[in-house]
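Q: Guided by the hints, dock chain B onto chain A, whose structure is given.
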Amino acid sequence: MRLTDLSTKTSRWFDPDSPLSDIVISSRIRLARNLANRKFITKCTSNEKNQILQTLKEVILSLNSLGDIFFIDIEHGSTIERDLLIERQLISRNLAAGSGPRGAVIAQNELFAAQINEEDHLRLSVLAPGLNIEKCWQRINEIDDSIGEKIEYAFSPKYGFLTACPTNLGTGIRVSVMMHLPALKMTDQLKKLFDSARDMNLTIRGLFGEGTEAIGDFFQISNQVTLGISEKKIVNDFQTVIIPKIVEYERIARDKLLIQEVNILDDKIARALALLKSAKLISSHEAMFLLSNLRMGINMGRVKEISIQTINELFLLTQPAHLQINKGKSLNPQQRDILRAETLRAKLN
Amino acid sequence: MQCEICKTKTATVHLTEIVDGHRTETHLCQACAQKEGVTVKSQLSLNELLSSLIAAHQQTGENAIEEKVGKVCSDCGMSMEEFRKQALLGCPNDYSVFEADLREIIEKTQDNNLTHIGKIPPRIAKPAAQVQEQNLIEDIKQKLEQAVKKEDYELAAKLRDQLKALS
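For the protein sequence lines, the chains are A and B, in the order given.
Each residue of the first sequence is one higher than the last, beginning at 1 in the numbering used here.
Each residue of the second sequence is one higher than the last, beginning at 1001 in the numbering used here.
Chain A extracted, bound-state conformation (with noise of 0.2 angstroms):
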């Protein structure tokens, strides 16, 4: 497995015909498992990172059912490496900056990552595209007990999964959507989301952006208790009230703007399809701000000739480091926007 042969393909979690694929783009489940009788990673000497890297190594590429899987390692990786990994959402900024023997086991088909010695020994994932939250647990949850037979965690009957910070204390679990919610954002309805998903004990973060501020109307909606409630309940809270729910409130926004705003919404749609067609230079700011208004204007009917796996296709070759992998070669910020201005010419003319 070459990084290459991830870097030229969309993701499978980008699928356009998984439920609600229009407006919820991903669904993710993150388990984090610490192993027992061993010290958190803080207080780790590289030595005995490594002793963890290479068991969990082991126990994880041992398994049957995880199918074509390969291991990468960070600590000895290049920063264009990483950075790929990360764009793709396979591994994250942590364990990309962290320090020492680390690594991660990826999937074939990227819908599973095991990242080792991370904040916790071991950070299980599995994604699915789509609103697919139970089937995400389902599977998490099976690679989990064969993992858990083989080694023993760290775990205490009153807490539950003992975590390196005490905010992933108890089940460990981490669910995660990834939601695209430009109607929800002309209409100016971010602030009220924001507010009930707070009252809600709900985490919203933009997903391509820095900060608060979302580029491309991407969110990402997680759980933040993960103590005294159970996985099925929080699972099953997400799947069939949460997202279905911020579902139909930008639905509703969508159909707002066909009946009383169409001229700004198609100006909108139409000026970011000109801009994407015939621009020579353009950050990843401006084309992942761009992208995400054509891909409104696809999912609601006002653009017929470009398919939505296109659009997803460029939101993940446009970024820094796909652009420069696919190029073979490093390049500096204005030769990135230079190539990304030709990417989505050739894509889109």
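If you're looking for bench data, these hints aren't it; they were derived computationally from the structure.
Values in this document were obtained by computation on a predicted structure and should not be read as measured data.
Beta carbons are placed, not taken as given, at the ideal position from N, Cα and C, and that holds for glycine.
Any given hint could turn out to be false.
Footprint (simulated), chain B over chain A, 3 or more residues, beta carbon under 8 angstroms [as the list claims (entries may be wrong)]:
{"no.": "1", "segment": "40-54"}
{"no.": "2", "segment": "149-160"}
{"no.": "3", "segment": "221-232"}
A: Frame of chain A, contents of chain B only:
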């Protein structure tokens, strides 16, 4: 977009500051941003939020006496002072060593919950299930004894069948 300082290179660092509702944007190239000492923070992490929460907790004084004693975990050498700085514990044992100090932090971050509900790992679940079964057998045996004493043979027969099914 051009860098606002050198006016030659492309701006790739974009800062948005909102002070008293007034929004200012700054666009710089990588080199100028570095010169200006601007570091791009990807996200205010949960850990940083927790650190501030812990720092606030520290000032309540409730644990001031314990703090002076400077309790340290014998397994990993972690102290509460160190935990307050980085918001990460050093080993699983810290949850017992610092239980009293961690209680308020756990309650605040976990919606006032203090005990685990949910999955038990298989290596613990199997022994736990065995213990539960053993308890159940003991319970039926006691009931059976009482039923025989009371000469309730119908109930005794039922309990005997239950025992057979379990063993």
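Q: State for each hint whether it applies.
A: Against the structure, the hints:
{"no.": "1", "hint": "40-54", "in the structure": "holds (count 4)"}
{"no.": "2", "hint": "149-160", "in the structure": "holds (count 10)"}
{"no.": "3", "hint": "221-232", "in the structure": "holds (count 9)"}
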